[in-house]
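**Student:** Chains as they are written, first to last, in the numbering used here: chain A, 1 to 221; chain B, 1 to 407.
Simulated from the structure, these hints should not be mistaken for lab results.
Treat the hints with care, since some could be wrong.
The calculated label-pair distances, taken between Cβ atoms and stated as ranges, are [what the hints assert, rightly or not]: (1) Q20/A x K323/B: 23 to 33 angstroms; (2) S128/A x G176/B: 22 to 32 angstroms; (3) G176/B x W26/A: 51 to 61 angstroms; (4) Y314/B x G42/A: 29 to 39 angstroms; (5) E32/B x L13/A: 51 to 61 angstroms; (6) V156/A x E32/B: 27 to 37 angstroms.
Every beta carbon over 12 angstroms from chain B, so not counted as near; a handful from chain A, in silico [what the hints assert, rightly or not]: (7) M1; (8) I2; (9) L12; (10) Q20; (11) R50; (12) S53; (13) S84; (14) C93; (15) G117; (16) P123; (17) V156; (18) Y205; (19) E219.
In this text, a Cβ means the ideal position worked out from N, Cα and C, and glycines have one as well.
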Amino acid sequence: MIKVEGVYKSYLLPSGKRHQVYSDLWLNLPGKTNIGIVGHNGAGKSTLARLLSKIDLPDSGKITCDGLISPPIGLQSGFLPTLSGRDAAKFACRIRGDSPQTQKLRLQYIEALADIGKFFDQPTKVYSTGMRARLAFAISMAYDYEYYLIDELTAVGDESFRQRSDAVFQAKRGKASIILISHSMETLRQWCDVGLYVNKGVVKYFDDINEAISLYKKEQA
Amino acid sequence: MRIIGHLDRVTASQIRGWALDADAAALPVQLEVRINGHFFSTVVAEKPRPDVAAKNLHPTGNCGFVIDLQPDQQLGAADLVSVRVVGMSRDLSGSPMLCKPSTTTGASRSAFGDAVAPSQAAAGEESTHPPSLFTLPALPTFPAPPQRTSFRIFVDSFVALFLRTMKARFGTQRFGYFLAVLEPLFYIVLMRGSRLLAGRGGGFLGEEAGVDGFFYHAIGIISFFIFMRVFNSCLGAINSTTALFNYRQLKPIDSILVTAVIEVGLMLTLFSVIVMILVLIDHKVEADDLLMFLTAASLLFLLGVGLGLLADVYTAKSPALRKFVEIINRPLLFMSGAFFTMQDLPAVIKPYIVWNPILHGVDLCRGALLSAYDSPGDWIYLLTWVLASLWFGLAAYRRNLYRLTQA
Numbered sequence: 001m002i003k004v005e006g007v008y009k010s011y012l013l014p015s016g017k018r019h020q021v022y023s024d025l026w027l028n029l030p031g032k033t034n035i036g037i038v039g040h041n042g043a044g045k046s047t048l049a050r051l052l053s054k055i056d057l058p059d060s061g062k063i064t065c066d067g068l069i070s071p072p073i074g075l076q077s078g079f080l081p082t083l084s085g086r087d088a089a090k091f092a093c094r095i096r097g098d099s100p101q102t103q104k105l106r107l108q109y110i111e112a113l114a115d116i117g118k119f120f121d122q123p124t125k126v127y128s129t130g131m132r133a134r135l136a137f138a139i140s141m142a143y144d145y146e147y148y149l150i151d152e153l154t155a156v157g158d159e160s161f162r163q164r165s166d167a168v169f170q171a172k173r174g175k176a177s178i179i180l181i182s183h184s185m186e187t188l189r190q191w192c193d194v195g196l197y198v199n200k201g202v203v204k205y206f207d208d209i210n211e212a213i214s215l216y217k218k219e220q221a
Numbered sequence: 001m002r003i004i005g006h007l008d009r010v011t012a013s014q015i016r017g018w019a020l021d022a023d024a025a026a027l028p029v030q031l032e033v034r035i036n037g038h039f040f041s042t043v044v045a046e047k048p049r050p051d052v053a054a055k056n057l058h059p060t061g062n063c064g065f066v067i068d069l070q071p072d073q074q075l076g077a078a079d080l081v082s083v084r085v086v087g088m089s090r091d092l093s094g095s096p097m098l099c100k101p102s103t104t105t106g107a108s109r110s111a112f113g114d115a116v117a118p119s120q121a122a123a124g125e126e127s128t129h130p131p132s133l134f135t136l137p138a139l140p141t142f143p144a145p146p147q148r149t150s151f152r153i154f155v156d157s158f159v160a161l162f163l164r165t166m167k168a169r170f171g172t173q174r175f176g177y178f179l180a181v182l183e184p185l186f187y188i189v190l191m192r193g194s195r196l197l198a199g200r201g202g203g204f205l206g207e208e209a210g211v212d213g214f215f216y217h218a219i220g221i222i223s224f225f226i227f228m229r230v231f232n233s234c235l236g237a238i239n240s241t242t243a244l245f246n247y248r249q250l251k252p253i254d255s256i257l258v259t260a261v262i263e264v265g266l267m268l269t270l271f272s273v274i275v276m277i278l279v280l281i282d283h284k285v286e287a288d289d290l291l292m293f294l295t296a297a298s299l300l301f302l303l304g305v306g307l308g309l310l311a312d313v314y315t316a317k318s319p320a321l322r323k324f325v326e327i328i329n330r331p332l333l334f335m336s337g338a339f340f341t342m343q344d345l346p347a348v349i350k351p352y353i354v355w356n357p358i359l360h361g362v363d364l365c366r367g368a369l370l371s372a373y374d375s376p377g378d379w380i381y382l383l384t385w386v387l388a389s390l391w392f393g394l395a396a397y398r399r400n401l402y403r404l405t406q407a
């Protein structure tokens, strides 16, 4: 259960003006349900994700949640270009206070799930976008959250990455929910039960992801 | 076969959707329906669906399917329904779908077992898939993460960030460490060179104030650089870790402290190495009051952190202001006693330059190590500066924390 109560959010633009993304946003999202978020570029999907995961704080209003929401798993993952994927994974383990033994097991899991071969020990600056996505995904999936926020990540993956993420989601189903931002209607339909349609700071909730998708398609056309 | 279709709706009493084979649209396709992974029945998609025909997907639109469930077959809220074309390995889009509880039928009990937990249903569903090309690596079950105290979180974040920064700075560049100490080394050698040219201070390798000339100059220059490097490393520390704020545990102050500690560690290590080399080659070094030196060096470090924090907070969002700060702090090198003692100051400038707290810190460092020199530096004045800058720095940080973390 995620409750968004009267949230306002604006960003300061370099020109000094404020860009109001959300004004008085109220949402009541069910727990243990996979949520799909659709909307065109710049509609506020990622802002919503950052607000939900508490990386960005609302200007006013509050967001409450019955479980832990992961940081948005996306393409901006804060990897240092000169450090290897293994270093990035180690950093993630250390910052969460894993004991050395736990860290070792978790690294094995991350390496196996990311499956980028010898590139795991290469600096992340030589990674392709897909490899970076795999690494970010694997690191996040090594931790237990009640909600996994996935921001456009599945779009860059290939077939094998898709199978991997399917298998992981399948295994997590029932224990954790997925909040998926995607432009792939196929993926959304496959994984999400309920839908949010974001447009110009207005978020509409639908009990059925298909309704959100059809509204999105209608307004796009 | 090119299957298009969708599982539209699953309620307690009905399953409906549509499916067609785009390569042979005239022939209706046969679908198999599974509930919680167990085979339930087959159905032929041939019911009229004007909406599908309207989208020109099907010539006649006769491609829908509806299964009306008998009263003894009603679905429960957690039942998972999957539909696929007979013989295909992939489900229709929208499948599997959980049953939506319907308010009209009072059926809370499922005919397919009491409210199957979604995880079990998913497991059952999965077992009916053809063996996947990919097997998920097993994630061992970890003990529940300990409830960490906020101090523990700070220590963990600090250590993680410290190791990461060290590795990025020194682990990947071959001359990383050397480049990091090049600047103070350069000034020390330069000072000796100037003595050589001026013919004073016993030439390049001579002694000054009763100790080796390199040691003598290293004191002033390194204690000045303790302040300068810490200050400069704080500038930009917040921006350089913006990407890392994805880790909610990490606060900007962590990155500031990490870089400051690395810089002061570097300077003290450089100083120790110089002293050790001089001892090895039997040159005269001296530590009159080591504890006093460490106190003065700590005060310079804290002054660097306080002023650096203050400057970074207010220049983090303004690159122009940042440049300005960088330019005005350059003359500090010549005004802070790195190259001269406080005692030797000409009377003309002395009344003005003694306002500089860094000069006091550097001179106190020198006075503490050399028995032949007693520093006129003022501990109270320096300490006041340290406390005031830390207070203002931390207050500014606290006040702007929200603004800084919003990328």
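**Student:** For every hint, state whether the structure bears it out.
**Tutor:** Outcome of the hint check:
no., hint, verdict
1, Q20/A x K323/B: 23 to 33 angstroms, "holds, 31 angstroms"
2, S128/A x G176/B: 22 to 32 angstroms, "holds, 27 angstroms"
3, G176/B x W26/A: 51 to 61 angstroms, "holds, 52 angstroms"
4, Y314/B x G42/A: 29 to 39 angstroms, "holds, 31 angstroms"
5, E32/B x L13/A: 51 to 61 angstroms, "holds, 55 angstroms"
6, V156/A x E32/B: 27 to 37 angstroms, "holds, 34 angstroms"
7, M1, "holds, 16 angstroms"
8, I2, "holds, 16 angstroms"
9, L12, "violated, 8 angstroms"
10, Q20, "holds, 14 angstroms"
11, R50, "violated, 8 angstroms"
12, S53, "violated, 8 angstroms"
13, S84, "violated, 9 angstroms"
14, C93, "violated, 8 angstroms"
15, G117, "holds, 14 angstroms"
16, P123, "violated, 7 angstroms"
17, V156, "holds, 18 angstroms"
18, Y205, "holds, 15 angstroms"
19, E219, "holds, 17 angstroms"
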